[in-house]
Amino acid sequence: MQFQEIIAHLGKTAKNNSLSQKPSLNPHLKGVAAIDKADSNLISYVEGGKFKTMIATTKADALILPPDETLQNQALVRDIAWIATPNPRLLFSRVISLYYQPFKPLPSIHPSAVVHFDTSIGQDVHIGANVVIQAGVTIGDRVTIHPNVVIYPEVNLGNDTILHANCTIHERTQIGSGCVIHSGAAIGSEGFGFVPTATGWYKMEQSGYTVLEDGVEIGCNSAVDRPAVGETRIGRNTKLDNLVQIGHGCQIGKNCAMASQVGLAGGAIIGNGVMLGGQVGVANQVTVGDRVIATGQTGITSNVSSGEMVSGMPHMPSRLYRKLFVMYKRLPDMYQMYKESKKQT
Amino acid sequence: MQFQEIIAHLGKTAKNNSLSQKPSLNPHLKGVAAIDKADSNLISYVEGGKFKTMIATTKADALILPPDETLQNQALVRDIAWIATPNPRLLFSRVISLYYQPFKPLPSIHPSAVVHFDTSIGQDVHIGANVVIQAGVTIGDRVTIHPNVVIYPEVNLGNDTILHANCTIHERTQIGSGCVIHSGAAIGSEGFGFVPTATGWYKMEQSGYTVLEDGVEIGCNSAVDRPAVGETRIGRNTKLDNLVQIGHGCQIGKNCAMASQVGLAGGAIIGNGVMLGGQVGVANQVTVGDRVIATGQTGITSNVSSGEMVSGMPHMPSRLYRKLFVMYKRLPDMYQMYKESKKQT
Amino acid sequence: MQFQEIIAHLGKTAKNNSLSQKPSLNPHLKGVAAIDKADSNLISYVEGGKFKTMIATTKADALILPPDETLQNQALVRDIAWIATPNPRLLFSRVISLYYQPFKPLPSIHPSAVVHFDTSIGQDVHIGANVVIQAGVTIGDRVTIHPNVVIYPEVNLGNDTILHANCTIHERTQIGSGCVIHSGAAIGSEGFGFVPTATGWYKMEQSGYTVLEDGVEIGCNSAVDRPAVGETRIGRNTKLDNLVQIGHGCQIGKNCAMASQVGLAGGAIIGNGVMLGGQVGVANQVTVGDRVIATGQTGITSNVSSGEMVSGMPHMPSRLYRKLFVMYKRLPDMYQMYKESKKQT
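Residue numbers (this note's numbering), protein chains in the order written: chain Y, 91 to 435; chain D, 91 to 435; chain F, 91 to 435.
It should be emphasised that the hints constitute simulated quantities derived from the structure, not laboratory data. All figures in this text were calculated on a predicted structure; none of them were measured in a lab. Errors might be hidden in some of the hints.
Given that identical chains are not distinguished, each listed pair holds provided it fits within a single copy or across any two copies.
[As the list claims (entries may be wrong)] Computed cross-link-like contacts, BS3-like style, restricted to lysine-lysine with a CA-CA straight-line distance of at most 27 Å:
1. LYS413 / LYS433
2. LYS419 / LYS432
3. LYS344 / LYS127
4. LYS293 / LYS127
5. LYS293 / LYS140
6. LYS120 / LYS293
7. LYS140 / LYS344
8. LYS344 / LYS293
9. LYS293 / LYS194
10. LYS142 / LYS127
11. LYS344 / LYS419
12. LYS140 / LYS127
13. LYS142 / LYS293
14. LYS429 / LYS413
15. LYS149 / LYS127
Generate coordinates for the entire structure from the input sequences, incorporating the hints supplied.
Shown next as C-alpha cells:
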C-alpha cells in the first residue's frame with residue numbers, strides 16, 4: 091500500500107488531521123512496526139516519552155505523529171512521510187487493521203466436539219476440536235469457540251463472542267455479545283465461600299451466577315467467581331488483563347480497565363471508567379467510585395470517592411503518597427537530629 | 091417452602107436458636123438472596139457491617155439474624171419473619187442447600203475419555219468428555235472428573251473428590267477424599283528448581299510428589315508444585331482460593347484458608363488454622379505458626395510465632411503496623427519542625 | 091547403589107572434591123531425601139542456614155557437604171559417609187538424576203489428537219491424547235506434547251521441547267529447542283492493547299508474535315503476551331516460575347530467573363542474568379539492567395542500572411531500603427519528641 095492509499099482508507103478520521111506537506115512523499119509501505127524496530131517501507135507512530143527522540147534515528151518511511159510542529163519538522167527533514175493526529179496510537183491501531191487480519195476459524199463444528207443435544211446454536215458458529223458443551227447452553231450467531239473449551243450447563247453466549255482455547259465457562263454464566271475470553275480463563279467458578287465453625291470450614295454452596303455484559307474482555311488464566319446468592323457482574327466494555335481475580339459477588343461498572351494480577355476480594359463494588367494498575371488489591375465489600383485510578387500494587391482497603399487517584403498500601407491520594415515518600419527518604423537526617431537533641435537533654 | 095418448614099428442616103441447629111415471636115409470620119419462600127437484592131418471597135441474612143442498616147429497606151420476607159434484640163425488633167416491626175443464631179452466615183448456608191443442588195453429572199465414563207487400561211476406578215465415578223487418565227492411576231468411589239482434565243501417571247484420588255474442567259494433576263500426586271480442584275489448577279507440577287552454575291541454570295529434577303489431605307480445596311488456576319525430594323503437603327480441610335502459588339516442598343497445616351493470589355515460596359512451613367489475606371507473600375523456608383493471620387499484601391519474610399496477626403512488608407505485628415502508619419502520615423509536620431530547627435542552628 | 095558407586099558415576103565433578111576419609115563407609119543408598127526427612131539408606135545434602143545443624147540428627151547414611159571441616163567432622167563422628175563440594179546443591183541434583191527418571195511418554199501420536207494436514211512434524215515426537223495442532227505448525231525432533239494442549243496456526247517448536255498438559259500456544263509463536271512450557275501456560279496470547287476514545291476502548295489488533303529462545307522454561311498458568319507490532323522475546327535459558335505475567339512487547343535477556351507471580355507490564359526491557367523475587371512488579375516501558383536483583387514484592391517503577399539490588403515500592407537500593415525501615419520503626423520515639431518540643435513552643 092502507498093502512504094496516500096492508507097490515508098484514503100482511514101477516511102473521515104484522517105480528514106481532521108494535518109498531513110505531511112511534501113506530496114511527493116508517498117512511500118510504498120509493506121507493514122507496521124514499533125519506531126525503534128522499524129525498517130524502511132514500514133509505518134510507525136510516536137506518542138510520548140522516550141519514543142519522541144527516535145524520530146531522528148528511525149528507519150521507518152512513514153510516521154503517525156501528535157500535533158507537534160517540532161516533531162513534524164524533524165520527520166520532514168529526514169524525508170519521512172507523516173500524518174498528525176491528537177491520538178496517534180488510535181490511528182496506528184487502524185493502520186494495523188489494514189495490514190493484519192486476526193486468525194478466525196471458519197464457521198463449522200469439529201466432529202470431535204462433544205455438544206449436548208439440548209443446546210441452541212446460532213448461525214455461522216465455529217466450535218473447535220474437543221470442545222465440550224453441556225445441557226441447556228445457548229450460543230448466539232458468529233460465535234467462535236476455540237479448541238478444548240469446556241462449557242458447563244445453562245450458559246448463554248451472545249453474538250460474535252470469542253472463547254479462546256482451554257478456558258472454562260461454569261454453570262449459569264451469562265456472557266454478552268462481542269466478548270472475548272482468553273485462554274485458560276475460568277468464568278463463573280465457585281466463589282471462595284467457607285464459614286468457620288467449631289469443626290472446621292463449612293462449604294457455602296455458590297448458587298449464584300456470573301454476568302459479563304457486552305464487549306467485556308477477560309485475560310488469560312483470569313478467574314471470575316460466582317457468588318453464594320445473586321450475581322457477580324462485569325459491566326459493558328470493561329477489559330481485564332491476564333491473571334486477574336474477581337471475587338464472588340463483585341459488581342464492576344462499564345469501561346473499566348484492570349491490568350494484570352489485579353485482585354478483587356468478594357463483594358467489591360467498582361464504578362464506571364475505573365483503571366487499576368498491575369497487582370492492585372481491593373478488599374472485601376469496598377466501594378470504589380467512578381473514574382478512580384489506582385497505581386500499580388496499590389492496596390485499596392476502604393471506600394474511594396469518584397475521580398480520586400490513589401496509591402500505596404493502605405491506599406491514599408497519590409499526591410499525598412508521593413509527598414510522604416519524599417519525607418520518608420529524609421528520615422535518616424531527621425533521625426540524626428533526634429539522636430543529637432536527645433543526647434543534649 | 092414455608093418459613094416454618096425451613097425451620098423444621100434445619101432441625102437441631104435451629105432448635106438452639108430463638109425464633110420470631112409472631113407464629114403467624116410464615117411466608118412462602120421461593121429462594122435465597124443477598125439482603126440488598128432480595129425481593130419478597132425470599133429469605134436473606136444479616137451478619138455485620140453495612141448490612142445491618144438494610145433491615146429497614148429490604149424486601150425479603152424472612153431474615154436470619156444475629157442474637158441482637160434491636161435488629162430482631164426492626165425486623166418484627168416490618169413484618170419480616172426471622173430466626174436468630176450466633177452464626178447467621180452458617181445457617182444461611184444451610185438454607186441455600188435446601189433450595190440449591192450443585193451441578194453434579196451422573197456416574198458414567200464418556201466414550202471420548204482416554205483412560206489407560208492400567209488404572210483402578212471405583213464405584214459410581216463420573217469421567218467427563220476428553221478426560222485423559224494415564225497409567226497407574228487409582229480413583230476412589232463417587233469421584234467426579236469434569237471434561238478435559240488430564241491426570242498424569244500414578245496419581246491417587248480419594249472418594250468423593252471433584253476435579254473441575256481443564257485442571258491438570260501431575261505424576262505421583264496423592265489427593266485425599268472430599269477434595270475439590272477447581273478449573274485450570276495444576277497440582278504436583280515440577281518445582282522451580284534451578285541451580286546456578288558457571289554455564290547457566292542446571293535443572294534439578296523434581297523427583298518428589300504432592301499430597302493433598304482430605305477435604306482440601308484448590309482454587310481456579312492455582313499451582314501446587316512438587317519438590318526435588320520428598321513431598322509438598324497441604325493439610326486436612328485447608329482451603330485455597332484462585333491463583334494461589336504453593337512452592338515446592340511447602341508443608342501446610344490443617345484448616346488454613348488462603349485468599350486469592352497468595353504466594354508461598356519453596357519450603358515454607360505453615361501451621362494449622364492459618365489465614366492469609368489476598369496477595370500475601372511468604373518467603374523461602376519461613377515458618378509460620380498456628381492460627382497466624384496475615385492481612386492482604388503482607389510480605390512474610392521471616393518466622394512468625396503462633397497466634398500473631400501480622401501486616402506490612404516486611405511483616406510486623408498488625409498493631410505496630412497501624413501505629414507506625416499513623417506516624418507516617420505525620421511525617422510532613424515532623425519534617426517542617428526539623429527544617430526550622432535546622433535553620434536555627 | 092553403593093556410596094562409592096555414586097561417586098564413580100559423578101565422574102569428573104566428584105574428582106575435584108574431597109571424600110570422607112573412612113573408606114569403610116560405603117553404605118548402600120536406596121535414594122535421595124531432604125536432610126530433615128531422610129531415613130537410613132538415603133543420601134542428602136547440606137547447604138546453608140538451618141540445615142547445617144541437622145547433621146547432628148539426620149538419619150541419612152550419606153551427605154553432600156560444603157568444604158567446611160567442622161561440618162565434615164560432625165558427619166564423620168556420626169559414621170555418615172560424605173563428599174564435599176563448593177556447590178552441594180548442584181551435586182545433589184546430579185545424584186537425584188541417578189535415581190530418578192522424569193516421566194516421558196514414548197514417541198507416538200495418539201489417535202485422538204487432531205493434527206492439521208499442513209504441519210511438519212520431526213522424528214520421535216510424542217503427541218498426546220486430545221492435542222489440537224492447527225495449520226502451518228512446525229515441530230522439531232523429540233518434542234513431547236502432553237494431552238489437551240492446543241497449538242494455534244504457524245507456531246514453531248524447536249527440538250526436545252516439552253509442552254505440558256492444557257497449555258495453549260498462540261498463533262505465530264516461535265519456541266526454541268529444549269524449552270519447557272508447564273501446564274496451563276498461555277504463550278503468545280493477545281497483548282492488553284486498548285486505546286481510550288470518546289466512545290470507549292478501541293481494540294488494537296495484536297499483529298506481533300512471541301519468541302522464546304532455546305532453553306526457556308515457563309511455569310504453570312503463566313502468560314506471555316504478544317504485542318501489537320514486533321515481538322515479545324524471552325532470551326536463552328531464562329526461567330519463569332508459575333503465574334508470571336509477561337506483558338506485550340517485553341524484551342527479556344538470557345539466564346534470568348523470575349519467581350512466582352512476578353508481573354511485567356508492556357514493553358519492559360530486562361537485561362541478562364536478572365533475578366526477580368516473588369510478586370515483583372515492573373512498570374510499563376521500564377529498563378532493568380544486567381544482573382539486577384529485586385527482592386520479593388518490589389515495585390520497579392523506573393529504570394534500574396546493571397548490577398543493582400533493589401527493594402521496596404517504589405524500588406530503591408536494598409541497602410537504603412533496610413536503613414529506612416530501621417528509621418521507620420523509630421518513628422514513635424521521634425514523634426514523641428516532636429510532640430513535646432511543640433508543646434514548649
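Intra/inter-copy verdict for LYS419 and LYS432 if alpha-carbon distance must be at most 27 Å | both (21 Å within a copy, 17 Å between copies)
Classify it for me, LYS344 with LYS419: is the Cα-Cα distance of at most 27 Å met within a copy, between copies, both or neither?
-> Close neither inside one copy (39 Å) nor across copies (34 Å); limit 27 Å.
Quick one: LYS293 to LYS194, C-alpha cut-off 27 Å, is that within a copy, between copies, both, or neither?
-> between (41 Å within a copy, 16 Å between copies)
Is it within, between, both or neither when you check LYS149 against LYS127 at 27 Å Cα-Cα?
-> within (8 Å within a copy, 59 Å between copies)
For LYS293 vs LYS140, is the C-alpha pair at or below 27 Å within one copy, between two copies, both, or neither?
-> between (52 Å within a copy, 24 Å between copies)
Is it within, between, both or neither when you check LYS142 against LYS293 at 27 Å Cα-Cα?
-> between (56 Å within a copy, 24 Å between copies)
Can you tell me if LYS140 and LYS344 fall within 27 Å by alpha carbon in one copy, between copies, both or neither?
-> Between copies, since 24 Å is at most 27 Å while 32 Å is not.
At 27 Å max between alpha carbons, let me know whether LYS293 reaches LYS127 within a copy, between copies, both or neither.
-> Result: close only across copies, 22 Å inter versus 54 Å intra.
First find the shortest C-alpha distance between LYS344 and LYS127 inside one copy, then the shortest across copies, and answer within, between, both or neither for a cut-off of 27 Å.
-> Result: close only across copies, 20 Å inter versus 35 Å intra.
27 Å Cα threshold - placement of LYS433 relative to LYS413 = Between copies only: 21 Å across chains, 30 Å inside a chain, cut-off 27 Å.
From the Cα coordinates, with 27 Å as the cut-off, is the pair LYS140 and LYS127 best called within, between, both, or neither?
-> within (14 Å within a copy, 50 Å between copies)
Using 27 Å as the alpha carbon limit, work out where LYS344 and LYS293 are close: within a copy, between copies, both or neither.
-> between (32 Å within a copy, 15 Å between copies)
Checked against the numbered hints above, the structure violates only hint 11.
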